[in-house]
Amino acid sequence: MRAFLPSYNLRQAQTLDELLKLLAAEPGVWKPLAGGTDVMVSFAAGKLTHRNFVDILPIKELCGIAEGKGELILGALASYADVLASASCAKHFPNLQHAARLTGALAIQNRGTLGGNIMNASPIADTPPALMAYGARVELASASGRRTVDYSAFHKGYKIVDAAQNEVLTKIILPLPAPNAFHFYRKVGTRKAQSISKICFAACASAHNGALTNVGIGMGGVGPTTVRLKALESLLTSKRFAQVKEADVKKALEADITTIDDIRSTAEYRKTVSLNVAMQFLSELRKHVELDR
Amino acid sequence: MKSAVQIKLSLNGKDVSCEAHPFARLLDVIREELGHTGTKEGCGEGECGACAVLLDGKVVNSCLVPVTQAIGKTVTTVEGLSAKDGTLSTLQSAFVENNGAQCGICTPGMLIAAYDLLSKNKNPSLDDMREALAGNLCRCTGYMKIFDAIKDAAKKLEAAR
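Chains E and L, in that order, give the protein sequences.
With my numbering applied, the first sequence corresponds to residues 1 to 293, in that order.
With my numbering applied, the second sequence corresponds to residues 1001 to 1161, in that order.
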C-alpha cells in the first residue's frame, strides 16, 4: 500500500554545521536522506516507518574523493558514479569500482552514495565487503566532535551500526594497498544489472617471498551484517598458504559465516557458493603470488 | 504533518513553479502538478527505468527522487527531447522507424537513457548500449529493435554533422 504523503516531512541542510546542530537539538527526530535509492523504495511501498528526514545532498563538505598521504578519502556522499569516474579508485581500489559497477544500473549509480550504502546497513550491500577488505575506517561527526572507527567493527547487528542518533557519517578512509596487491571481487546474483546479491565477496592480498603478508576479506549475504572473514584471513597468513586445502577453507568459513534461507537464495546454496568463490579466490591468488615471486 | 512548499525548477528549458509536498516524488510532481505526462511510472521502486529523466544532466529514476532534491535544478523529460513545436528528434524518429516501441510504457525512459548515451558516446557498440540501458526494462519488443533504433539514430546524427 502506498505511503500517506502528508505524514512525512523533508527539510534540507546546506552545511555540515547546520546538520549537526539539527541532529543535536532534536536527537532521533531527523534522519539523513542522501540519494534516496533505498529510502524512496520503502516509502513507495508504504514501509518507511521513520517520518522526518533531512536532505544532506547539498552539503559540499561530504562530497568528493581525494588522495591523502598513503590513503584515499571518500566523502560520504561520493556516489557510485563518482567512484567509477575516479582515477584513484581505478588505480588503487578496483574492487570498489567493481562493486559500484554491479550496483543497480546507471540511474541508481548516479544517485546512490557510499555513505548511504553503509548507513542503510543491508547485509547484502555490494560496496561494504570491498571497503572492509581494504581495511576502511569511517569518520563520524556530531556537534560535540569527530571520531574515527574501524569499519570492520562498525556493524553491530542486523541494521545496527555504531553511530549515535546525533552523529553523521562524514567520510570513509582507505589505506592505499601495496602496488603489487592482488584484488578479487565476485558478486553472485541472478543477472548482471539491477541485481541484488545472493552473496558477494571482496578480497585484497599482498605477498612477499611466496607468503601472504596482508589479507583482507569481506563478504555480504552470509550473516546479519557485512562480515570480515577473520578466520580465513588468519588461515591464509598463518602458514605458507600453498599448503592450505579446501577442507581448511571450509572449516574457516564455518567459523566466519552464517547463511540463511530467504527470498533470494537458500542457506545451503549460499554456503556452497561461498566455498566455491573462496576457492576460486585462492586459486587466482596462488597464480598471482607465483608470478610475483 | 507537513503542508506544501513552493517548488521552482527548470523543466525542459523553462522555469516553472508549483506547490508540492516536500517529500512528493519528482515523478508525481512532473506529471500531476506540471502537466508533463510523458514520463511514465512502471514499477515505482527504481527497477524498471520507465520514469527516467535527466536531473542536472544525469539519468535518474524520478520515482526515487523527493521533489525537494530537484529544487533549483534542471529537469529534462521525454517532452524535452523533441523540438518546441513537437517535431520528433532524430533519436525519437529512429525509435518510430525501427519499431523501437510497442506498448510505449518503457519508451520515455529508454529515450532518456539512449539520449544520455549518445551525448557521451557518438558511436556506441552493442555492449555500450546494453550497459547504458541496463536499468530500463521492456516487456514487449525485447531489446534488439531498441538497439537498432539507437544505432540508426547514431548513424543519422553522424551523417548530419
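Bear in mind the hints are in silico, worked out from the structure with no lab data behind them.
All figures in this text were calculated on a predicted structure; none of them were measured in a lab.
Accuracy of the hints is not assured; some may be wrong.
[To be verified] List of simulated lysine-lysine pairs, DSBU-like, C-alpha gap at most 30 Å:
no., chain 1, residue 1, chain 2, residue 2
1, L, Lys1122, L, Lys1008
2, L, Lys1120, E, Lys47
3, L, Lys1073, E, Lys60
4, E, Lys192, L, Lys1084
5, E, Lys192, E, Lys239
6, L, Lys1058, E, Lys31
7, E, Lys287, E, Lys251
8, E, Lys91, E, Lys69
9, E, Lys91, E, Lys21
10, E, Lys159, E, Lys31
11, L, Lys1120, L, Lys1151
12, L, Lys1145, E, Lys60
13, E, Lys47, E, Lys21
14, L, Lys1120, E, Lys192
15, L, Lys1120, E, Lys60
16, L, Lys1122, E, Lys91
17, E, Lys21, L, Lys1145
18, L, Lys1058, E, Lys91
19, L, Lys1122, E, Lys47
20, E, Lys271, E, Lys251
21, L, Lys1058, L, Lys1073
22, E, Lys60, L, Lys1058
23, L, Lys1014, E, Lys60
24, L, Lys1084, L, Lys1120
25, L, Lys1120, E, Lys91
26, L, Lys1155, E, Lys192
27, E, Lys192, L, Lys1014
28, L, Lys1155, L, Lys1058
29, E, Lys230, E, Lys250
30, L, Lys1014, E, Lys31
31, L, Lys1145, E, Lys192
32, E, Lys31, E, Lys47
33, L, Lys1008, E, Lys31
34, L, Lys1073, E, Lys47
35, E, Lys271, E, Lys159
36, E, Lys250, E, Lys239
37, L, Lys1145, L, Lys1084
38, E, Lys21, L, Lys1073
39, L, Lys1122, E, Lys192
Structure-based check of each hint:
1. Among the hinted pairs, L/Lys1122 with L/Lys1008 is inconsistent with the structure: their alpha-carbon atoms are about 33 Å apart, more than 30 Å.
2. Distance hint between L/Lys1120 and E/Lys47 is unfulfilled; the C-alpha atoms sit about 37 Å from each other, more than 30 Å.
3. The hinted pair formed by L/Lys1073 and E/Lys60 meets the criterion: a straight-line CA distance of about 16 Å does not exceed 30 Å.
4. At most 30 Å may separate the alpha-carbon atoms for a hinted pair to count; E/Lys192 and L/Lys1084 exceed this at roughly 38 Å.
5. Restraint check for E/Lys192 and E/Lys239: not satisfied, since their Cα atoms lie roughly 37 Å apart, outside the 30 Å limit.
6. Under the criterion of a C-alpha separation no larger than 30 Å, the hint pairing L/Lys1058 with E/Lys31 is consistent with the structure, at around 25 Å.
7. Under the criterion of a C-alpha separation no larger than 30 Å, the hint pairing E/Lys287 with E/Lys251 is consistent with the structure, at around 23 Å.
8. At roughly 15 Å between alpha-carbon atoms, E/Lys91 and E/Lys69 fall within 30 Å of each other, so this suggested pair holds.
9. Restraint check for E/Lys91 and E/Lys21: the C-alpha separation of about 38 Å exceeds 30 Å, so the hint is violated.
10. A hinted pair counts as satisfied when its Cα atoms are at most 30 Å apart, and E/Lys159 with E/Lys31 qualifies at roughly 14 Å.
11. Distance hint between L/Lys1120 and L/Lys1151 is fulfilled; the C-alpha atoms sit about 14 Å from each other, no more than 30 Å.
12. For a cut-off of 30 Å, the pair hint linking L/Lys1145 to E/Lys60 is broken: about 42 Å separates their Cα positions.
13. For the hint pairing E/Lys47 with E/Lys21, the CA-to-CA distance comes to about 28 Å; that is within 30 Å, so the pair holds.
14. Note on L/Lys1120 and E/Lys192: the hinted pairing holds, with a Cα-Cα distance of about 22 Å set against a maximum of 30 Å.
15. Distance restraint check for L/Lys1120 and E/Lys60: the Cα-Cα separation of roughly 26 Å lies within the 30 Å cut-off, and the hinted pair is therefore satisfied.
16. Taking the CA atoms of L/Lys1122 and E/Lys91, the gap is about 27 Å. The hint holds against a cut of 30 Å.
17. At roughly 54 Å between alpha-carbon atoms, E/Lys21 and L/Lys1145 are farther apart than 30 Å, so this suggested pair is violated.
18. This hinted pair checks out: L/Lys1058 and E/Lys91 have alpha carbons roughly 25 Å apart, not beyond 30 Å.
19. As the CA atoms of L/Lys1122 and E/Lys47 are separated by approximately 42 Å, the hinted pair breaks the 30 Å bound.
20. Proximity of E/Lys271 to E/Lys251 is assessed by CA-CA distance (about 12 Å); at most 30 Å being required, the pair is judged to hold.
21. The hinted pair formed by L/Lys1058 and L/Lys1073 meets the criterion: a straight-line CA distance of about 11 Å does not exceed 30 Å.
22. For the given pair, E/Lys60 sits about 18 Å from L/Lys1058 by alpha-carbon distance, which is consistent with the 30 Å threshold.
23. Between L/Lys1014 and E/Lys60, the direct Cα distance comes to roughly 27 Å. Compliance with the 30 Å bound is thereby established for this hinted pair.
24. Taking the CA atoms of L/Lys1084 and L/Lys1120, the gap is about 23 Å. The hint holds against a cut of 30 Å.
25. Straight-line distance between C-alpha atoms of L/Lys1120 and E/Lys91 comes to about 23 Å, which keeps the hinted pair within the 30 Å bound.
26. Proximity of L/Lys1155 to E/Lys192 is assessed by CA-CA distance (about 28 Å); at most 30 Å being required, the pair is judged to hold.
27. Annotation: proposed proximity of E/Lys192 to L/Lys1014 is violated, straight-line Cα distance about 38 Å (limit 30 Å).
28. Restraint check: the Cα-Cα separation between L/Lys1155 and L/Lys1058 comes to about 24 Å, which is no more than 30 Å; the hinted pair holds.
29. For the given pair, E/Lys230 sits about 13 Å from E/Lys250 by alpha-carbon distance, which is consistent with the 30 Å threshold.
30. Between L/Lys1014 and E/Lys31 the alpha-carbon distance is near 33 Å, which puts this suggested pair outside the 30 Å criterion.
31. At roughly 21 Å between alpha-carbon atoms, L/Lys1145 and E/Lys192 fall within 30 Å of each other, so this suggested pair holds.
32. With a C-alpha separation of about 16 Å, the suggested pairing of E/Lys31 with E/Lys47 holds against the 30 Å cut-off.
33. Among the hinted pairs, L/Lys1008 with E/Lys31 is consistent with the structure: their alpha-carbon atoms are about 25 Å apart, no more than 30 Å.
34. Proximity of L/Lys1073 to E/Lys47 is assessed by CA-CA distance (about 29 Å); at most 30 Å being required, the pair is judged to hold.
35. At most 30 Å may separate the alpha-carbon atoms for a hinted pair to count; E/Lys271 and E/Lys159 meet this at roughly 22 Å.
36. Restraint check: the Cα-Cα separation between E/Lys250 and E/Lys239 comes to about 16 Å, which is no more than 30 Å; the hinted pair holds.
37. At roughly 27 Å between alpha-carbon atoms, L/Lys1145 and L/Lys1084 fall within 30 Å of each other, so this suggested pair holds.
38. A hinted pair counts as satisfied when its Cα atoms are at most 30 Å apart, and E/Lys21 with L/Lys1073 qualifies at roughly 26 Å.
39. Pair hint L/Lys1122 plus E/Lys192 holds up; C-alpha atoms about 24 Å apart against a cutoff of 30 Å.
The structure fails hints 1, 2, 4, 5, 9, 12, 17, 19, 27, 30 (numbered hints given earlier, in ascending order).
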